[in-house]
Structure formats: structure tokens, C-alpha cells
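A.B. asks: Chains as they are written, first to last, in our numbering: chain R, 1 to 270; chain F, 1001 to 1321; chain Y, 2001 to 2353; chain P, 3001 to 3353; chain B, 4001 to 4279.
Please keep in mind that the hints were generated in silico from the structure rather than gathered at the bench.
Hints may be right or wrong, so weigh each one.
Unchecked claim - Pair by pair, the computed Cβ-Cβ distance ranges are:
#: 1; chain 1: B; residue 1: 4166; chain 2: Y; residue 2: 2181; range: 43 to 53 Å
#: 2; chain 1: R; residue 1: 253; chain 2: F; residue 2: 1170; range: 35 to 45 Å
#: 3; chain 1: P; residue 1: 3253; chain 2: Y; residue 2: 2131; range: 34 to 44 Å
Fair warning: this is a prediction, and the values are worked out from it, not measured in the lab.
Beta carbons are placed, not taken as given, at the ideal position from N, Cα and C, and that holds for glycine.
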Amino acid sequence: MGKKSPVKYFLIALSSIFVFVMLIMPLAVILSEAFKNGFSAYANVLSDSFTLHALQLTLFATFAAVVCNTVFGLFAAWALTRFHYKRSKILTTIIDIPFAISPVIAGLIFSLTFGRIGWAQPILNYFHLKIVFAVTGIVLVTIFVTLPFIARTVMPVLHARGTEEEEAAALMGAGGFTIFRKITFPHIKWALLYGIILCTARAMGEFGAVSVISGHLRGKTDTLPLLVEILYNDFKMADAFAVSTILVLLALVLLILKNIVEYKWHSAKE
Amino acid sequence: GCKNDNESASSNQLVNVSYDPTRELYKNYNELFAKHWKEQTGQDVTITQSHGGSGAQARSVIEGNDADVVTLALEYDVTAIENAGLINKGWQNKFPHDSAPYTSTIVFLVRKGNPKNIRDWNDLIQPGVGIITPNPKTSGGARWNYLAAWAYANEKYQSNEDQMKDYMKKLFANVLVLDSGARGATTTFVENGQGDVLLAWENEAYLSLKEHPDEFEIVSPSISILAQPSVAVVDKIAEERGTSKLASEYLNYLYSPEAQKVAAENFYRPTDENILKQYADKFDLNIKLANINDPLFGGWNKVHETHFKDGGIFDQIYQKN
Amino acid sequence: MYIELKNINKSFGTYKASDDVSFALPAGSLSAFLGPSGSGKTTILRILAGLETPDSGDIIIDGQRVNDITPAKRGIGFVFQNYALFRYMTVFDNIAFGMKIKKISADRIKKRVGELTELIGLKGLENRYPAQLSGGQKQRVAFARAIAPEPKVLLLDEPFAAIDAKIRKELRQWLKDTIKKLNITSIFVTHDQDEASEVADEILIINKGRVEQSGSPLAVYKKPVTPFVAQFIGENSLINNYDKLKGFYRQEGFSTAVIRPEFISIFKENEQYQNSYTAEPGVVKTVTFRGSHLEIVVILHGIELKAVWPTDRELLIPQEKVGVLVKKMYLIDGGNIREIENEALIADNSVII
Amino acid sequence: MYIELKNINKSFGTYKASDDVSFALPAGSLSAFLGPSGSGKTTILRILAGLETPDSGDIIIDGQRVNDITPAKRGIGFVFQNYALFRYMTVFDNIAFGMKIKKISADRIKKRVGELTELIGLKGLENRYPAQLSGGQKQRVAFARAIAPEPKVLLLDEPFAAIDAKIRKELRQWLKDTIKKLNITSIFVTHDQDEASEVADEILIINKGRVEQSGSPLAVYKKPVTPFVAQFIGENSLINNYDKLKGFYRQEGFSTAVIRPEFISIFKENEQYQNSYTAEPGVVKTVTFRGSHLEIVVILHGIELKAVWPTDRELLIPQEKVGVLVKKMYLIDGGNIREIENEALIADNSVII
Amino acid sequence: MSRIKSNSIIPGFNLSMGITIFYISFIILLPLISIAVVTSGITWQGFLDTVLDSRIMAGYKVSFFCSFIAAAVNCLFGTMLAWVLVRYEFPGKGIIDGLIELPFAIPTAVAGISLASLYSPTGFIGQIFDPFGIKIAYSQIGITIALIFVTIPFVVRTVEPVLKNMDPVFEEAAYTLGASRFMIFRQIILPELVPSLLLGGGLAFARAIGEYGSVIFIAGNMPYKSEIVPLLIMVKLQQFNYAEATSIAIIMLLFSFLIMFAINSLQVYQQRIVQGGTK
Ligand SMILES: Nc1ncnc2c1ncn2[C@@H]1O[C@H](COP(=O)(O)OP(=O)(O)OP(=O)(O)O)[C@@H](O)[C@H]1O
Ligand SMILES: Nc1ncnc2c1ncn2[C@@H]1O[C@H](COP(=O)(O)OP(=O)(O)OP(=O)(O)O)[C@@H](O)[C@H]1O
Ligand SMILES: [Mg+2]
Ligand SMILES: [Mg+2]
Ligand SMILES: O=S(=O)([O-])[O-]
């Protein structure tokens, strides 16, 4: 039915305008600010040891969060879609909480739990553990903030597919790990990758929650977004935006990756 | 050199939790101090800096950020750490000048040529003047802005509180944007072209001027306030980590002539009179400076109670009516 | 008996999906569960396989109670309704899966998969993925996968449901022959009686979670023992005023009669025939071509009755006057069923002899 | 003629889904497109409805060329294979949808929906959502929705495919009666020949995007004009060495013979029968109960032949020796078909007369 | 003890459920308890005074209003974007598609600063509106813009798969009945999208209410006019007033849950229509 029509071009135009105004222009601002002082200034900022350390920490926290949430996401998706469990709705809602919570509060609750005035402090002291205002805390809140992404992208795929293939395999005596690896995983791998990419994007960019819990120790607990803020507050606008471009660049790499993944995912479905 | 057996390896690590924007200042000072410490003890010292909003930084220390020393924007913030039991009482007297090694004051940053002809506080309440200042509730710096204006009003209206409040009301009625932090306000004024005048720390005004020399000028009002960023050793943590001596020396050395010069270079007013005089061309020494401990204010605690607490005078200004 | 279910009960919430189900099937038999949708056929199959746990009752396979034995150990092959082929595995890997789990050597697996692809007629397609197969081919792969680990029992849930009418018929015969050849005790589920009749040695009619009747297809067809079976099996005419028909009288408590098409003889008006005395005059209402025969609806005393007419005889046409002879009928009511003969016919025949 | 397609062609990429399709159907007729999966039945229906645009050819409805007219303006009602009921609308809203679009007054809509729910026997279920209906009920709602705006032509794409075997049979008859009552020119698609035979006045056999043959079900059954139709229709035995059968000789160019079950007569060994001279001795291989009759496979000169046996005669059993008489067959090859009679039988009969 | 056991033959129930519950407890529930712990340090009256304070109330209003508008705008444009991405082929489609998740990856503060500079009266976009007396940055419009930015991905990415998987046969059915494009969209497609719109819009709304970093730079933060709730929480924290801060946080959490709950309920209702009755 639908032949070419003015509606199509109108919608495409409107969408393009929206994307241009809401996404491309802010991106342009970031890039133009970053290169305000010329390319060599830009290069200087990026090669600064603190920048490199922040990049390292960001990548580490992101990696840790993605790994933990992938493992969790797979188990949760398995638990909540492969079995009829009465309280799965409640669990699903709990998994969604981090989406609904203000990042600032997210950081705060970790600080108020594991920090010096937190109720868990005596326990942590006993074991000589330091969680908040250290890399552990950063990793923890990053995990928190990005927790739902993987579970929630994998779950619909598993849900929609039903359990028959797994049952068939289990009937033949296959164990849990074999079933997952041979039967389930091939179905969800693209969804999983997509979830990982979303999780990564968000983990890299998280500012609010990490800010509360980081302590901002230069060269120790500064992530890239935090470094951006410090540079900015230090009247180094161009430097701040230069550091932001690392994140933008990482994001773009991810997004390209995502497009490839999505493409493969959908062609795999055919 | 000689090795001190009492000190563990970690004692050469120092964490200084500071506020925005002292990054350059302490970057320079830390180099200076490291050299000094090496000369003194033969040991290397590693100093880790932390920067953020003054209040948030204080909170982070209270909540578990292990700072050996804090160098914050407000005495009030340090007191909060004291109240949490991490700093011993009487820290204000541990170092000279109320434990404030350098000071600053509040000045006006106006657009080049001062088109609205803003010379003093009174010009700010003229209709059509747009003011940019951060929110005293969320920004330490903004509290100094507010208190400087209060000092001016006190002078002008001879302590008539109603008139003073009226003045403050008019002043804040002219405020266009109440950013949450000092830097946000500066961006709003400098980058986004909002308002005619930015109330700012002198050092921050200079930083802006450095970035945009041809666009702005600094106006010194007739009266302002002596902004004293406080420093203190976080006793409990320093003791735990065995850095008390190092921490003390770190702060103490801030008062040395070399360090005072570094402060001046970074647009902070040295407390050392001699050094300050050397930079007389840089800082307007004619501004009359009120002090937080003047009877008008009666110290930070009282100021907080009267002005900034929920329902205090600042809230009354914004009372909905 | 090889497979025995004893007093199996299973409820989902308040819904009783299996209601005191008991039956026994001999080794090597091929049986069908036949019943309407939602009657609980799949549930019984899944209980047998261990995919559901019964609320009470015993499942006995080869003399052993298997209730607490894991499904994989029960020696059961299961063919799922929608095949549930592993989409990301080739035909070879699908068939080999169960054997790989059993850690059978690669050589032997290869050999057996070879035999099985031969058996299912898919030699050469071992490297295809399920998406590249037609419905019938998928079905056969699912079958091969289920029998590859040499189960003692094979369960098939609506094996033909998702397949073309034409191919379905071919596949039925193939399945029957193959199962017979392999001699595996098998049960399949269907709601198509042609399918059940054609393929199974024995059918179990399931209704509302209960086994209503079991027996050979012909036996069940010829001698339904419950009202449900009488109505459910065959192309029936259901009538209430059966006493209007000559030779039949109203019987106490039986309100409905079930008449099969082959219980009715139709005669052309000018035809010479036996029992013409007993036949009544009726009118053809519709004539429908039904593949290999014609289905005739005749009206007799205002009652519509379905009958058959061969294609090779002179055609009947609508409105044509015909002689109609109802030879027998089932009377049903509540839980009872009674088969009655046309009394006039009995009298008539006895006269002649 | 009411509906005419003239030389319609339609390709998807390089695949020719409609290949020079032409046919004409009279007003008020009920026709069926019958053909294997993928033969292009749906495509023709969609072209008629205006859901696809043909690459070339004319679509004529009621004498008017409608190629450039939108579906709704063509006066066409379409019943989709899986009903395509609007999930978020009640039965009432579904049926009323087309009328609302035509801005018919609320009163009249209400009245008509009332009539239609009455017609489809779903009175009282107007406020249900599609998910709360059974397959058969959904089917009827889809039907009511399509006919609500009073279309002149009704197209139904596999209307019974997704329904239970038992209910399907009831629904067929209902649909046929209802369409006849409404007197709408209708076409439905199926790949089940029983269905086509039972419901349609006329069937069009579709194969590879072409109309192979059209005519009444009985005519097509009795006189196939292409090899495809001869094989596709009926339960056939296909054999190559047909000249082994008594009375048949190899004919130049025809390599395969198609034999229908009813072309074969089977006689019990001890039976007295006409043409016994022409019959040959065979052996029963299998006996399968097929609903109302038995299907017999007999072996004759090593050839397997399917035949039928009524349920009311004495049963045949496997291995039983029987007399087999093949009365005729179709010979096919490439594009040609030829019907040949058993010459021995002709001779035999002529002798008797 | 309630029996947590699975009847399923598929293995791994105990392991996966155990890990899920442990992880959720440790990462989500345990920290969440702190809010209650800290808030318990305040009296009930104090709690009420805090959360019902007129300035805070004004903050709720601003936050909810702007978040709602942002979510609504994103529902509109998100649906449109999803539609365009799914239904049409055009040059630059890949770029649009690729940029959708950008807001996730950019630190919110950077986003806020960039947006403020774009929409301030001297900014590239702001100057277009300034002559008409429309102030975008430093007003509720600015807040809304920032919130739109950070929540763009939610609606697009929840609606997109639904559109992609939607069977065109429904549209064809409506088309054969004479429905216009617009009617098809409104009456056939839209109801199918409602669950995902609710979910995406709800997530966007919940996220928007909590957003801090990107908003404060563009908000103006004028009391009673453009102060958002997270900022007010920061104000409380700045005064080291933890209990009052968590009191407000609790109210926000409650609202978020309410929204989630409402969405879930609506979805259950929708599901019931689609799946027929409660099973
Ligand atoms: N897991 C379950 N939870 C709740 N009810 C169920 C479940 N499985 C089956 N049922 C119900 O039990 C009854 C019997 O279901 P079952 O699947 O055994 O029927 P069936 O005879 O196989 O039907 P069909 O021919 O449609 O496949 C149905 O009413 C069904 O709704
Ligand atoms: N939109 C399309 N794009 C490409 N190929 C198509 C399209 N629609 C149909 N075809 C192809 O055209 C051929 C005929 O399809 P059609 O749907 O008409 O078959 P059918 O006879 O209705 O089959 P079935 O009985 O399976 O419904 C098939 O090979 C199909 O793959
Ligand atoms: Mg079933
Ligand atoms: Mg089709
Ligand atoms: O850094 S401030 O607290 O002064 O904004």
C-alpha cells in the first residue's frame, strides 16, 4: 500500500530537524569548544597524565560494571523467563528501580550505606574494607546505575521465544550450562551485545551518582565525566570539552558497533 | 638522608580535599611543598588533590573521603567536619589569620566599557540591571557575595534591618540566574552573555579576565567582604594514617613567603602584608573589607542561623507573596 | 503393559487439566490421544515426559514407577508441536544433540545420524539450518532428533498440526511405517480424527481432562461408549425428535439421537431395492462433493440427515425425491448411550427370510 | 461476468508469483483458489483487493476496470488468514469499523452490527475483545467485519486454516450457507481440497502462479485437464510401469499413470462378480481405517495401488488374496494428459452385451 | 517460609534465582534501606514540614510539569523517530539511528553546558527566539529541553521494536475497510504502541524527575520558578541536613514507584485485552 507521499517526506524532515536540533547541535557545541584553542592544546589535554588515568578508570569501571551486569543479567533473565515464578513481576520491577532513581540519590544511598556515617560501616571496618570514595564505590554505583540494561534487553527475547527448545534439550539430558551455551546463547547473543553496548554507553557517561561517591581524588578516583567537571570548574572550558570529546568518541565507536550489532541481529532473525 | 623509623610509607602520601577552583593554585603549591619537604626531611611526598563544590567536598570527608587536610571555601564547611568529630576543636587558631592562609574578596565583573556604568553596590539595584550570582544555598562562594552586599547595606542604611532587607530584596530581584555553583554562574555570564554584572570572587573574576581579556573588566565596589577560605588538618584521619606532622607542615608552609607568592600568582590575596604589597597593582587594596567575625555577622554559625538556614533572611527574600 | 498411568490428577490453579487419568499401553503400540482443544492431551503427554509434575497418581514405564526420575532418565523422546528444533544448529547437530550429551563417540554419532537422515529421507541436507527446511522436513528432523538417543518411548505432540494438508497425509503414513519399523512404543496427540484413525493402533478419546474411551479406531467408531464419543467421532447428524422416524420409538431418558451417514441408505425413486417397504420418502436438500464421495443432506419429516453417495453412481440433484432408510442410531443422554436398530427393518428382514 | 482478471502478471524480484492469470467469475458465485503452498493464491487475492499492484493486466469488477481504484472503493471485503481482528477493539467496534469510516449514522451502525452478530451467532458477545473469543468465533467476527460495509465482492484468505478440525467442518457449511444467503460474489483461498470441494461452486486450481484448471469440484475431479491437476486432486497412486496392468498398454510419450482409488474395484476371493475375467489376483498390503471407509493398499505385479473398501462389508485383512480390477487411469507427461479405459474391460463388457 | 521451587525440567532455577536475588539485594535493596535509616532520624512532623514546604512543593510542580512535558514531547517525537527509522529508507538514516543513544554517553553536565550555550538568548538557537520575548534557557522551557535531551533514547528504543514486529496485516485490514492513513495510525497502530509508549514514556518521566546534572546549567534555578527537586535535595545536603534530604528523596522515590506501578497496571490491563481474561 503506502506509496511515496508527502507525509513520508514531512515526517523524515521533521525527524531530521528534531535530531539536528536536539542531538547534532549540542554535539557541535562540544566539538567546537573542544578545539577552540587549536589542535595542539587539544592534544595536550588528552595526553595529560590525569586525563589518561581518568580514561583508564572510566574504562575499568565500565568494564567491571558491564561484566557484573552481564553475568547478573543473564542469570536474572534465565530465572525470570524460563520458570513460572509467582513473584517474578516484583523482581522485574525491582530490577527497574535504577532506571527510576535520581543518580544523585543513587550515589547518596551508597555513601549513606557504606560510608563513614553509613550503617554498614562497623561491618566494613571489621573487615578493613573501604568501599565508597574509592574505586570500589565507583564500580558499585556504576553497576547500580546500569543494572537493568542487560537483563531488560535479554528478557523480552527469551520471553518471546518460549521454553520449548530448552525443554527439548533438557529432556535429552543436557545440563544447565550446555543448554545455555548451545541452545539459549545463540538466540540471545545479539540482544545481549546490544544490552552490553547500551550498558557501556551509560556506564561511561555516568556523572551524578559517581560524583557523589568518588571523592574526586585526582589521579585516583576521577573518572572522565568527573574530570570534565573539575576542568570546567577550574575555568578550563576548552579542556573540559576536550576531555568530553573522548567520551563522545567512545560513544560514537560504540554506536557504530551497535548499528553493526543490530544489523546482524535482525538479519539473524530472518 | 636520614630515615625516620616512626613513619610508615603511607605517611608520605597526603590527601588534600579542596574546593573549586583551586586546582592551579595547589598544583603549583604542591610542587613547592614537595621540594620544601624533601629539603627538610629528605623524603618524597605525594599529594593527591581533590576538587569540587566546597560543601560537597566537606560532605565527602564526613561520609568517608579520607582527607589529611581540607582547604575549603568556608569556615562553615570545615566546622561541619569538626562537628562530625573528625577535626579537633579550636582548629581556627591552629594556623595564623584564623587558619586562612590567603583571602579573597567579592568584586563585580562587568562587560567591557561597563555599559551600565556599575560602580558600586547601589548601582546593582537600579531597574534594568541584570545580576548573575550563584545560589548562596548551594554555593559557598555565593554566600560571600550575599554577605558583602549585606555589609554594604548595613553601611548604607545604618543597620536599619528593614531597609537592609529591602535592599537585598531589590538586589536579588535583579538576579537573572541563580546558578548552583560559582563556575556555572561565570559561564552564564561569560559564555552565555547573560546579565550585566557577575558577582564573583576576585580570583575567579581574574581567571575569567585571563580567558577573555578584551571582553570584561573588574569593578571594585566601595565595600566588600574578606573571604577567608579555611584550611585545617583532619586530625582523626591524619592520626590514623600517621600523617599529622606532614599535614600540619603542609598547611603551615602555606604561610611562607614562597607559598604566599604562589597564592598571589593565582589571584588569591596573600595574608602576608609584605607579599600583598608586592602585588598592589594586582589587587585593589582600597576596598573596605568587612570580616565574618565583625559584630554585624558574628561568625559563621550565627550567619548561617540568621541568613542561610531554612526560613532565614535569604529565604525571606524569596518568600512567595 | 509398557506404559501405565494410574489415577493421575493435575490442576492448574482451580482448573483440572487431568482428572483421574488411568490407562495402559502395550509395548510397541502406537496410540493417539484424540480430543478437542483444551481437553488436556498435551498435559498428559507432558506429565508422562516429566515436563509437568502430577498432583497425584503413578507413572509407570516398563514396570518401573518413574514419578521421581528425571525426564532425561525416563528414556523418552519428545517431538514438540512446533518442532522446537534448535534454530542455530544444523540438521546434523540437531539430530546429534542427544547423543553428544550421552557422550557417544563422534564416529558412532556420525554413523547414526547418517542412518537417521537416510531414514527420514533428508540425506544431503545435514548442513541446512531449520529455517531452510519446509514444514514437513522440519517435522521429520524433529522426529529423528527425538529417536536418535534410542528412547524406549516416543511422544509426539500434534506432529502434523503445522503442515500443509497434502503433505500431512504423506507424512502420516510415513510416520506410521517408520514407527512400526523402529518398534518404539509411541503416543501422539491430535485433534483430527482422520489422523488418529489412520495412524494409531489404539486411540484414547480425551475430554475435559478424562479418558472417555480407548480402543482401536474402528472399535471406537463402531461402538462409542459415552455420549461425548458418539458425538465427537464421525460426521454425525444430531436430532431430538428421533421418534418421528419410522421404526424408532422414544425411549425414556434419552433425548438425543446421533446418526452416522453410513447408518442411512438412500435410494433413487425408480430404483428397485430391498427393504423398500421400510424406507420412507425424503427430499434431497444439498449435494456436496467431498473428495471421493458426495455428501447428501436429505429432509425426512422435517429432519435434516447427512448421508453419503458414491461418485460413480448416477448423480443425485437437490429437490430430488429419494427413499431414505435409517438403519440404526445411538441414543444418548447425560452419561448414557444406547445403540438401537430400526425395528421396522428387523421385522421387514425377518419377513423376507 | 462479475469479476474478471485479464492477463495479470506480478513478480516479486525475479520470482513470478502471478503468471498471466486470467479468469472470470459470475455474480453471486462462490469460488475457491486451490493450490499448494507458495503457488500464488494469496497474491491473486491481494491483487484483486488492491493490496498489491499487478505489473500488468486488467482487473475488472462489475464491468469497470478498477486497477487504479483504492480497495475500499472497489467494494471489496477481505477476510484475512489469521483474521487480523483489531486487538484493541471490541467485537462491536471491529464490525462497526468499516461503517464508521463511511460515516454511517450511529443508529444505523448499531442496527446493522446487531443484525450481523445475530447472523454470526455471537449475539451478546459484542463487548468482548478478540482475545476472549475462540478461533471459530474470531473467524466469524472477521467475516462480519468484512461484510458489514456491504461489499459487492468478498475475498477470504484461508478462512479455516487456523481452526480446529472439528469446528472447521461446521464453519465451512455455515460459511457456505451464509454467503449464499447474502448473495455476495466470493472467492476463498485454501490448500485443502476437501474444503474447496465442499464449499465452492467452482474451483480454480493454482500452480506456480498460473490457473491450471477451473470448473465445478466434481468436474475438475472427474476430468483433470493438466498433469498437475490429475496428481494434485484426489488420493492417487502414481505409477510408472502401468503397462504391467492387464488391459493397459504403454503409450508413446506418457511415462506416468495416475490411478484414483475409485478407479479400482476389489473383490473378495470367493465372491461372485461381473468382470471377474478381467480382474487380476492381488494381495492386500495394509488396511487403514479412514473415518467412514477403509483405505486398502493392494499389491499387483509389484505395484502398490490405493483402493477403498466400505466399513459395512466384511473386513479385508492384510495378506488376503483379492481380485483387483483397474477400470481406468490418467496418463500424464510434461504438459499432456490422457484418460484411458481398461481395454480388456471394454472387450469383456462388449462380449457380454 | 514460602516454598521457592520450580517444577520445570529446565535446570538452573535455584542457581539463577539465588544469584538474582542476592545481586538485587546487595546492589539495590541494601543501599535503598539507608534512605529509610537516615530518614528515621527525623520526626514525623519534621518529615511532613520538610516535604510539604512551599518551596519544595513549588519544586515538585516544576519537576513534574517539566518532566511530564519532556516525556510527552519524547513520546511524540520518539514515536515519530521510531516510525521514520522503521518504515522509511532515506539517506542519513544510519546517522539518525546512531545518534539516538548519544545522550546516554555524554556526561550530563557537558550536555547541560552545551544546551545552555545553544539556548541562551545569545546562543545559536536562543537568539532566534529572543526577539519574540521567548526565553528558553533559564526558564522552565530550558529545563524541559534538557530533560528532553537526556531522555530521548527511552521512547524511541521501546517503540521501535514493536513497530518493527507489527504485522502489517492489521493495517491492510483497515485499509480494505476504507480507513485513511491517519485513521489507520490513530485507531490501529497507536493502540498497539500504547504499552511501549507507556513504558518508554514512563521511564523517560522517571528519569527526568531525577535528572540533575544537565538541568542545573540551563534551569536558572530561580526559587519557585525554575528550581527542580534534585536541586532542593542538594540544597539540603549543602546544609548537611541528611534527614531532610532523604525525606525529599523518599517522596521522589514514591512518585517514581507510583509511576512504575501505574505503568505496570496499565500494561496489565492492556495485556488482558490482548491475551484475553486473567489466566
Ligand atoms: N501451565 C499452565 N497453566 C495454566 N493452565 C494450563 C497450563 N497448561 C495447560 N493449561 C490448561 O489446561 C487445559 C488443558 O491444556 P492442554 O494443553 O493439555 O490441552 P490440549 O488438549 O493439548 O489442547 P490443544 O489441542 O489446544 O493443544 C487448558 O484449559 C489449558 O488452558
Ligand atoms: N511481498 C513479497 N515479496 C517477495 N515474495 C513474495 C511476496 N509475497 C509473496 N511472495 C512469494 O510469492 C509466492 C506466492 O506467494 P503467495 O503468498 O501468493 O502463495 P500462497 O499460494 O498464498 O501460499 P500459502 O498457501 O503458503 O499461503 C511465494 O513464493 C512467496 O514467497
Ligand atoms: Mg496441546
Ligand atoms: Mg497464502
Ligand atoms: O565552589 S563553590 O561552592 O563556591 O560554588
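A.B. asks: Against this structure, judge whether each hint is valid.
C.D. replies: Evaluated hints:
1. B:4166 x Y:2181: 43 to 53 Å: Holds - the Cβ-Cβ distance for residue 4166 (chain B) and residue 2181 (chain Y), about 46 Å, lies within 43 to 53 Å.
2. R:253 x F:1170: 35 to 45 Å: Distance hint for residue 253 (chain R), residue 1170 (chain F) is violated at roughly 53 Å.
3. P:3253 x Y:2131: 34 to 44 Å: Because 40 Å falls inside the window, the suggested range holds.
The structure shown violates just one earlier hint, number 2.
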